[in-house]
Amino acid sequence: MTPGRLASDEMARRLVLNLRLPRLLAALMLGMSLSAAGMVFQMLFGNPLVEPGFLGVSQGAAFGASLGIVALGGSALAIQGLAALFAFLGLGLSYFLARRARFGGWVLRLVLAGIAVSALFSAGVGVLKYLADPLRQLPEITFWLLGGLSSATWGSVRAIAPVVIAGLAAMTAMRWRLNVLSLDDATAFSLGAAPALERAVLLTAAVASTAAVVSVAGMVSWVGLIVPHFARRVFGADARRALPAAVLLGGLFAVICDDIARTAIAGEIPLGILTSLIGAAFFIAMLTSRNVKDAK
Amino acid sequence: MSSGMDRRGGRDILEIEDAGFSYGRGGIQALRGLSASFPGGEVSAILGPNGAGKTTLLHLALGYLAPSSGRVLFEGRPLSEYSRREIGRSLALVPQSERIPFQYSVLEYVTLGRVPHLAALEMPGPDDLRIAGEAIGEVGLSGLAGRDVTSLSGGERQLAAIARAVAQGTEVLLLDEPMSHLDLSNKSRVLGILSGLARRGTTVIFTTHEPEIAAAAASRLILMREGRVLKSGPTDEIMTGENLSATYGIPVRVAKLEGSTVALWAEGSRAR
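Chains A and B supply the protein sequences, listed in that same order. Going by my numbering, the letters in the first sequence line up with residues 1 to 296, in that order. Going by my numbering, the letters in the second sequence line up with residues 1001 to 1272, in that order.
Source of the hints: derived by calculation from the structure; they are not laboratory data. Heads up, the beta-carbon is just placed ideally off N, CA and C, and yes, glycines get one too. Some hints could be false.
[Said to hold, decoys possible] So the derived label-pair ranges between C-beta atoms look like this: (1) 1146(B) <-> 130(A): 19 to 27 Å; (2) 1068(B) <-> 131(A): 24 to 32 Å; (3) 49(A) <-> 1153(B): 51 to 59 Å; (4) 96(A) <-> 1120(B): 24 to 32 Å; (5) 1078(B) <-> 102(A): 29 to 37 Å; (6) 1118(B) <-> 267(A): 51 to 59 Å.
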């Protein structure tokens, strides 16, 4: 499509402005948010294997969206609103459970609590799938769980943009502090940080932007795990460079994947399948490459 | 004598008064009625067996842990009244073995010492990088500034952690078992760095379970056992066979050998 055609052809203009552009922006926000949140999660937990879906966030969102489809008729507002709400509920529950747990260090307790809460919501999704109308609602749940941006509109872009931009701004602004917070608690304290408070602020920013994009795109896995690794590998571990790099690479990765999802075959490939496929292949290649020397 | 030492003149910079501490509700009481004071500009060693509460005492002195009874004073004021940033500018910690989850370069890692000197969202500037570079030079790691800190040897990592504390530029430096994993040459390097810092007026406080290290490095000695201070004072007076025997619960003799203090304890080995 040429700019000339865009100017003369009303239909083409509408297509680009009303369908492609919001979808492109949604893909960009999706990739940026998941990658930034992934970097923040990995650094806060000092663990390169966690991702934004960790701590019950993803399964919470999945449960919320399924509930919106089954119980509230599946309007975009119901699905997105409930997905975001339950994403936060997942985090809150994990956090509460971790505080109540009576053994292990803080990180271990959070990990275990996240696993337990995720399992709980995943069972809930199973129940909802069982209850769903197999012709109308079940395909919608399945499609949501596989992730995709075909439902992205200007309305959804406008709805999530403020949260995404605020979350990304907060994470980017605090990126040097992230280095400090990745160290032991006592060390971070001795460097003048307020580990508990700063971690809470960063976690909120990461979860809020993740919940926002997930509410529109469904479950798009692996972006938040793989992109931060790649950014660190290329640009070094210091989040001063690695975080902005992850944001840009993540945006690019999601836009490219979404383009492939849209155009590779006549129908649409669910985006989550594509990111998992490419992400996992990439991860395997990275694991077996010779200069792997990640955290011991 | 340096001006730093004259200025402080052995006045107590850090005082712990009748402090108790236990981990968790109804947990083990790590410290009970512990009192200790640390004169400014001197090197103090906290010596005791494993599990005596040395690390807990260090965390209390940092303000990281709050005593459940008693209080901790820094320059005459309760530590709890200081802001996080004030603490970061006044007291630096070198933990026993630090988990470094990502592959920061030595320079990036040492630059983190500048955090308490910057505003909440400020990034380090040229001055901070210069100070970090000087600190790296001071511990003798200049050639490794660009290296990945997780790829360093144990001794080099310890030196990098000390460099970060030096870059922090604090009045008090707290070190948890700074020499326990080091070979002889690295021990002597760390010893030299610590006494150099003390000569410039820094108050150095470190824990150790080795009497020889305490005797070689510290002018002040605090003997700990089961969460209590047994004895404290000038190292020469406190480091006696009788005191060490009480600290470790086994017969220990103290001898001078070519100017160094050695603790003799292994009677069983005479059978050889």
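A quick look at each hint next to the structure:
1. 1146(B) <-> 130(A): 19 to 27 Å: Violated - the Cβ-Cβ distance for residue 1146(B) and residue 130(A), about 58 Å, lies outside 19 to 27 Å.
2. 1068(B) <-> 131(A): 24 to 32 Å: 52 Å, violated
3. 49(A) <-> 1153(B): 51 to 59 Å: 26 Å, violated
4. 96(A) <-> 1120(B): 24 to 32 Å: 28 Å, holds
5. 1078(B) <-> 102(A): 29 to 37 Å: 31 Å, holds
6. 1118(B) <-> 267(A): 51 to 59 Å: 53 Å, holds
Against the hints set out earlier in the document, violations occur for numbers 1, 2 and 3.
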